[in-house]
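Novice: Work the whole structure out from these sequences, hints included.
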Amino acid sequence: MIRFENVSKRYDTGQEALSRVDFHIARGEMVFLTGHSGAGKSTLMKLIMLMERPSHGQVLVGGRQTNRIRGAGIAHFRRDIGVVFQNHQLLFDRSVFDNVALPLQVAGFQVGDIGRRVRAALDKVGLLHKERQNPITLSGGEQQRVGIARAVVNKPALVLADEPTGNLDPELSAEIMTLFRQFNELGTTLVIATHDIDLIGRMNKRVLSLANGRVTSGAAPGGSQ
Amino acid sequence: MRLLRSPLQSVLTWLVIAVATALPATLYVALENIQALGYQWQDSSQISVFLRRDASAQSITEWRQQLASRQDIAELTYVSPEQAMSEFRQHSGLGDVLDDLEQNPLPPVLLVQPATTASQGAALETLLSDLQAHPLTDDARLDMMWVQRLEQLLLLAGRTVFFLALLLVLGLLLVIGNTIRLAIESRRAEILVVKLVGGTNAYVRRPFLYTGLWYGLGGGLIALILLAAGLYWLSPPVSQLASLYQSDFKLEGLDFITSAQLVLLAGLVGLAGAWLAVGRHLSAIEPQ
Chain D
1 MIRFENVSKR
11 YDTGQEALSR
21 VDFHIARGEM
31 VFLTGHSGAG
41 KSTLMKLIML
51 MERPSHGQVL
61 VGGRQTNRIR
71 GAGIAHFRRD
81 IGVVFQNHQL
91 LFDRSVFDNV
101 ALPLQVAGFQ
111 VGDIGRRVRA
121 ALDKVGLLHK
131 ERQNPITLSG
141 GEQQRVGIAR
151 AVVNKPALVL
161 ADEPTGNLDP
171 ELSAEIMTLF
181 RQFNELGTTL
191 VIATHDIDLI
201 GRMNKRVLSL
211 ANGRVTSGAA
221 PGGSQ
Chain U
1001 MRLLRSPLQS
1011 VLTWLVIAVA
1021 TALPATLYVA
1031 LENIQALGYQ
1041 WQDSSQISVF
1051 LRRDASAQSI
1061 TEWRQQLASR
1071 QDIAELTYVS
1081 PEQAMSEFRQ
1091 HSGLGDVLDD
1101 LEQNPLPPVL
1111 LVQPATTASQ
1121 GAALETLLSD
1131 LQAHPLTDDA
1141 RLDMMWVQRL
1151 EQLLLLAGRT
1161 VFFLALLLVL
1171 GLLLVIGNTI
1181 RLAIESRRAE
1191 ILVVKLVGGT
1201 NAYVRRPFLY
1211 TGLWYGLGGG
1221 LIALILLAAG
1231 LYWLSPPVSQ
1241 LASLYQSDFK
1251 LEGLDFITSA
1261 QLVLLAGLVG
1271 LAGAWLAVGR
1281 HLSAIEPQ
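Top to bottom, those sequences are chains D and U. Residue numbers for the first sequence follow the numbering used here, beginning at 1 and rising by one. Residue numbers for the second sequence follow the numbering used here, beginning at 1001 and rising by one.
Treat the hints with care, as some may be off.
Incomplete in silico selection of chain U near chain D, CB under 8 Å [said to hold, decoys possible]:
no., residue
1, LEU1167
2, LEU1196
3, GLY1198
4, TYR1203
Chain D stretches covered by chain U per the calculated footprint, using a threshold of three residues with CB under 8 Å from any CB of chain U [to be verified]:
no., region
5, 87-98
6, 102-114
Simulated from the structure, these hints should not be mistaken for lab results. Where is the CB? At the ideal position from N, CA and C, for every residue including glycine.
Specialist: So this is what it looks like as structure tokens:
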């Protein structure tokens, strides 16, 4: 699903965020990405999302060479990837329903289709009864679940999550992880960046560790800790 | 309709656009009216042919018969020195003084009304020089200078209005561009999220272009209303003034087609302003 081949990323400031990174994540896997802040987790995520381009090497996603994707192709490429953010990036000028509907509206789905899919996604995260509320009235855990609903509403093959439990207490974090595991069991490939070691230990999944822009362990599928 | 979410801001923008559109439109209407007035006066242009005082009554009659057959003369009036004197006596109130005059100082006059085909330009010049060249003529006068001056002034005024309209269009582009820029800034978070979930630039751009178009169309419509109100306010004094000059002149507003063109033009300017702003500012907002 995701393959990094000898990827380096050097920012204009001269800082080398990733150096000679090689790894492969198979379709249907659930992988934790871990490392100190500044280890290169965010850069790695941005390279997959085409928010940044590698200075060297190549990134393949779903078998496609991402360095050949340009212009409007970037937007279409992103429709196949769901993203969950630490600060959830919800819009407070519209309802929970409209927040979750955004990826479908952008992709040009029919109104009836949007309603059906949004309710299915909200049902999965247990927030169907709050579809009409403004997300600002929800708790932190609920907001994150709305963010997850938005990430999966389009039924993407790949979901990226950047510190999805960063602001949540252990109980809510476990709840979110259970959700992710359910999506994974339905066949979605998941990459979750986190530095919550306890959580990773309990999940018993493959862990890709980064330190100073290099992969230190878990580069190949099947090598769980 | 995003515009209705911040009504005050939208109304203010609409008013700015309306005023900027109404200004050149008003000048245009004024110009059209003055032009119409100018043509009216031009049509009533008359050539006064002062005849030699020693011209015999018979030769005058012969010439009048010749002139009456000319195609470029609509009407011919002969005023003899006696008639002229009695009219002058009536209208001037100088009756007693005139009685002291030993002889009538007024020459016989032919008042020539050119036909409409010869009421301006070269045809009128030809007629005038023909009249001047005749041996009976002492002097033939057409006060053409002021007509020509008026034409030149109208030409100048027309160019000024055009130039002013260009400046105001430029101003409109900037006003709408700036409004759209602010709208883009205030929706930064939304644009970032939309781009992250796979919204194309075209998808992000579209609502802002619509906003610009609506600002332009709305402003154009308000400009038409302002213009109509102004005309309504000016009409009574203008027709009173006209009636004092025995004229049935009336203020004319914009016809339907021109009104529609004005609104459409304002809409296009709005769209163009939005396009410029979107092109400049939207690409700068990329997810980091």
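Novice: Does each hint hold? Answer for all of them.
Specialist: Results of checking the hints against the structure:
Proximity of LEU1167 (chain U) to chain D is violated relative to the hint, the smallest CB-CB distance being about 37 Å (cut-off 8 Å). Checking LEU1196 (chain U) against chain D: minimum C-beta separation of about 6 Å stays under 8 Å; hint holds. About 3 Å separates the beta-carbon of GLY1198 (chain U) from the nearest beta-carbon of chain D, less than 8 Å, and the hint is met. With 8 Å as the threshold, the beta carbon of TYR1203 (chain U) comes within range of chain D, its nearest partner Cβ sitting at about 6 Å, so the hint holds.
Coverage of the region 87-98 of chain D by chain U holds. Counting CB-CB distances below 8 Å, 3 residues qualify, and the rule asks for three or more. For a cut-off of 8 Å, the count of residues in the region 102-114 of chain D with a CB near a CB of chain U stands at 4, and the three-residue condition holds.
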